[in-house]
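*Asks:* For the protein sequence lines, the chains are F and G, in the order given. Counting in the working numbering, the first sequence tops out at residue 113, every number present. Counting in the working numbering, the second sequence tops out at residue 196, every number present.
Keep in mind that the hints are not guaranteed to be accurate.
To be verified - Residues from chain G that face chain F, not an exhaustive set, calculated with beta carbons under 10 Å:
1) Q88
2) F116
3) L128
4) G188
As the list claims (entries may be wrong) - DSS-like mimics (lysine-lysine), calculated; alpha carbons at most 27 Å apart, straight line:
5) G:K123 <-> F:K105
6) F:K105 <-> F:K57
7) G:K102 <-> G:K148
8) G:K123 <-> F:K78
9) G:K123 <-> G:K137
10) G:K123 <-> F:K61
11) G:K123 <-> G:K148
12) G:K96 <-> G:K146
13) F:K105 <-> F:K53
14) F:K57 <-> F:K69
15) G:K148 <-> F:K105
16) F:K105 <-> G:K146
17) G:K96 <-> G:K148
18) F:K78 <-> F:K57
19) G:K137 <-> G:K148
Hints in this document: simulated from the structure, not taken from any laboratory. Source: prediction; values computed, not measured. Beta carbons: idealized from backbone N, C-alpha and C, even for Gly.
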Amino acid sequence: GNSVTQMEGPVTLSEEAFLTINCTYTATGYPSLFWYVQYPGEGLQLLLKATKADDKGSNKGFEATYRKETTSFHLEKGSVQVSDSAVYFCALSASGNTPLVFGKGTRLSVIA
Amino acid sequence: GAVVSQHPSWVICKSGTSVKIECRSLDFQATTMFWYRQFPKQSLMLMATSNEGSKATYEQGVEKDKFLINHASLTLSTLTVTSAHPEDSSFYICSAPTGDYGYTFGSGTRLTVV
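Chain F on its own, in the form it takes in the complex (with noise of 0.2 Å):
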């Protein structure tokens, strides 16, 4: 079946850091890849996607690209900020109206 695979957590980045968080996928077809953030205590907010091979999403200085050749889909940020501290999921959606698949999701924490 169709998984997700995330780098493990927890990282902590100084501000203004480089961030990369890593994100790997297994699916048949090809699916629609998504990036969702959640602060403490609140439900999941959508940071980007990318919805074909080699498409780049981008929202808030995050990007990822979808790499078909790679089967990924990391998660990169130039310059963090303590703002940014939550957590990070990496999902796939099959099709438009099936569920998606999470991956375990990764903490991060950005000190000043």
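Since the structure of chain F is provided, determine the placement of chain G on it from the hints.
*Replies:* Here is chain G on its own, set in the frame of chain F:
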């Protein structure tokens, strides 16, 4: 954009009682609703998929008699945790597809059974 309103945000109940969680789509018709459960510091696990006007489809290992899902209209899906026990304490989240590979999530319900 498409919004799903989930209530209550948090609830504390006694063992043996039932709790109902509601998810309403405010500005679109949600023919499908996904229900997830999240344990502390863990990922979201799909519990079931509900479709308006038909029976819900439960994931393996989820007790359908304990977690009753109803999707009676295009704007309301409910999850009822029946005869709740402390091990049912968790964060429950609903999600609806919104088209164009989009999904919208409710804000979640933190259930504590004492």
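*Asks:* Next step is simple, just say for each hint if it's right about the structure.
*Replies:* Hint check results:
Using the Cβ-Cβ criterion of 10 Å, the hint placing G:Q88 at the interface with chain F is satisfied: the shortest such distance is roughly 7 Å. The closest approach between the C-beta of G:F116 and any C-beta of chain F is roughly 4 Å, which is under the 10 Å cut-off, so the hint is satisfied. Because the smallest distance between the Cβ of G:L128 and any Cβ of chain F comes to about 5 Å, under 10 Å, the interface hint for this residue holds. About 6 Å separates the beta-carbon of G:G188 from the nearest beta-carbon of chain F, less than 10 Å, and the hint is met.
A hinted pair counts as satisfied when its Cα atoms are at most 27 Å apart, and G:K123 with F:K105 qualifies at roughly 9 Å. The hinted pair formed by F:K105 and F:K57 meets the criterion: a straight-line CA distance of about 22 Å does not exceed 27 Å. Straight-line distance between C-alpha atoms of G:K102 and G:K148 comes to about 12 Å, which keeps the hinted pair within the 27 Å bound. Distance hint between G:K123 and F:K78 is fulfilled; the C-alpha atoms sit about 23 Å from each other, no more than 27 Å.
About 31 Å separates the Cα atoms of G:K123 and G:K137, which puts this hinted pair outside 27 Å; it is violated. Taken as a hint, the G:K123 and F:K61 pair is honoured in the structure, with Cα atoms around 24 Å apart against an allowance of 27 Å. In summary, the hint linking G:K123 to G:K148 is supported, as the alpha carbons are separated by about 24 Å, within the 27 Å threshold. As the CA atoms of G:K96 and G:K146 are separated by approximately 21 Å, the hinted pair is consistent with the 27 Å bound.
Between the alpha carbons of F:K105 and F:K53 the distance comes to roughly 23 Å, so the proposed pair stays at or under 27 Å and holds. The hinted pair formed by F:K57 and F:K69 meets the criterion: a straight-line CA distance of about 12 Å does not exceed 27 Å. Between G:K148 and F:K105, the direct Cα distance comes to roughly 25 Å. Compliance with the 27 Å bound is thereby established for this hinted pair. For a cut-off of 27 Å, the pair hint linking F:K105 to G:K146 stands: about 25 Å separates their Cα positions.
As the CA atoms of G:K96 and G:K148 are separated by approximately 15 Å, the hinted pair is consistent with the 27 Å bound. Pair hint F:K78 plus F:K57 holds up; C-alpha atoms about 13 Å apart against a cutoff of 27 Å. For a cut-off of 27 Å, the pair hint linking G:K137 to G:K148 stands: about 15 Å separates their Cα positions.
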